[in-house]
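Participant: Please build the complete structure, drawing on both the sequences and the hints.
This is what each chain is made of:
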Amino acid sequence: MKVKAKMKKDMAVVKLLAKHPMETGLRKDKKTDKVIPAKYIQELICKHGDKVVFEANFGRAVSKNPYVSFSFAGAKKGDALELSWADNTGETLVVDAVIK
Amino acid sequence: MYNSVKKYFKVLVLATAAQGLFASTAYAQDPGHYGLGRIATEEEIAGWDIDVRPDGLGLPEGSGSVSVGEGLYEAQCASCHGLFGEGEGRWPILAGGYDTLTDDRPQKTVGSYWPYASTLWDYTRRAMPFTAPQSLTVDETYAITAYVLYLNELVEDDFVLTKENFLTVEMPNADGFFHDDRPDVKNKACMKDCKDPASIKVISTIAGVSPTEHLEEGAEEESAGEAVNEHGKQVYKQSCAVCHDHGVAGAPKTGEADAWTDRIATGIDTLAKRANEGYMGDAGMMPPKGGNMSLSDEDVTAAVEYMVEQSQ
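Protein chains in written order, with my numbering: chain A, 1 to 100; chain X, 1 to 312.
These are computed hints drawn from the structure, not numbers from a lab. Computed from a predicted model, the values in this text were never measured in an experiment.
Below, in silico cross-link-like pairs of lysine to aspartate or glutamate (EDC-like), each with a Cα-Cα straight-line distance of 20 Å or less:
(1) Lys19(A) / Asp103(X)
(2) Lys19(A) / Glu86(X)
(3) Lys163(X) / Asp55(X)
(4) Lys28(A) / Asp99(X)
(5) Lys9(A) / Asp79(A)
(6) Lys4(A) / Asp96(A)
(7) Lys34(A) / Asp104(X)
(8) Lys233(X) / Glu256(X)
(9) Lys233(X) / Glu305(X)
(10) Lys64(A) / Asp104(X)
Pairwise CB distance ranges, derived in the manner of DEER restraints:
(11) Val98(A) / Ser79(X): 16 to 26 Å
(12) Ile45(A) / Pro60(X): 44 to 54 Å
(13) Thr168(X) / Lys28(A): 39 to 49 Å
Here are a few chain A residues that sit away from chain X, every Cβ distance over 10 Å (derived from the structure):
(14) Asp10
(15) Gly25
(16) Gln42
(17) Glu55
(18) Lys76
(19) Gly78
Note that beta-carbon positions come from the ideal geometry of N, C-alpha and C, so glycine has one too.
Facilitator: Here you go:
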């Protein structure tokens, strides 16, 4: 997951690219003719300190390598962010970022 | 008339004057040529000769870090190529796409497809940014190249790209290309012991339209064996069959062996002569050439031969 967080006036703008296949579980492998098992992000959370400032509930319909952009108030330059996702197979990823 | 002559005269004078001018300057500099142009200066060649090759040849001195590149990229590149190289709209994607080259829709990026980092450097300096090509300095080009490599996870975030370490960058698809050494054409020119030119036929066919059966080996001999006297058959059908098919006016019917036995006994030459010149027999009259005087003697003889063949 790649994250860019920047202060614009008094708002923190966060842009992130979550590297994930986002398999729906409905697609077939053309060569083996078997269904590719589902693997998609279900929950994406951004924490500013202990406070959750952004939460997304994704489903199968979200594209591969989802790109998310959002902004929130109440942050300042140099603050730490903790971003994480969890997918339907139980896999998780946590990434730390600093607001520039 | 007078006007055109005058114009011509003027132009001629001008042309002569111009020629003289060129000759006096250019010949002095570079005798042996045609008095056109001049030798480019080293500076001009350097401005033009900016290619960078896979082995690093052509790279100027300089350096740029990923962190400097990030700022430049976000200011000058990200509006089209996307903040993470994912490509805005339909603009080119610069990062990602690994292991997709064999997919139905391969994603060809710097990281997944390009075999040389030098291409990235050269192209960025030569053609980017799209709205202001060749506006980047050498160090800026190094920095942006470093950042695009970072977006492709080929270098770390503290990497500084320089002329010296340029070749240490490993491109994932560097071995994905091969030299195609096939010849331009498969046909080799024959220089000795060649096929007899007389035996070579140039045949044009339209698939599904032109008959090609006769070109197949063996087909020709077979058909030749069947139709012994094709020419005679044609003449017969055209000019003789009208009477001889049905025995009109005492004509012997073709294929009726009884009617023909005695006639064949007189010999083919006699029959041919009678057919050509006309004959008054017991049964009826044979008009000369069956009444079709446009036929040659050979045509009629062939027709007679055909009838005899059919009636034996």
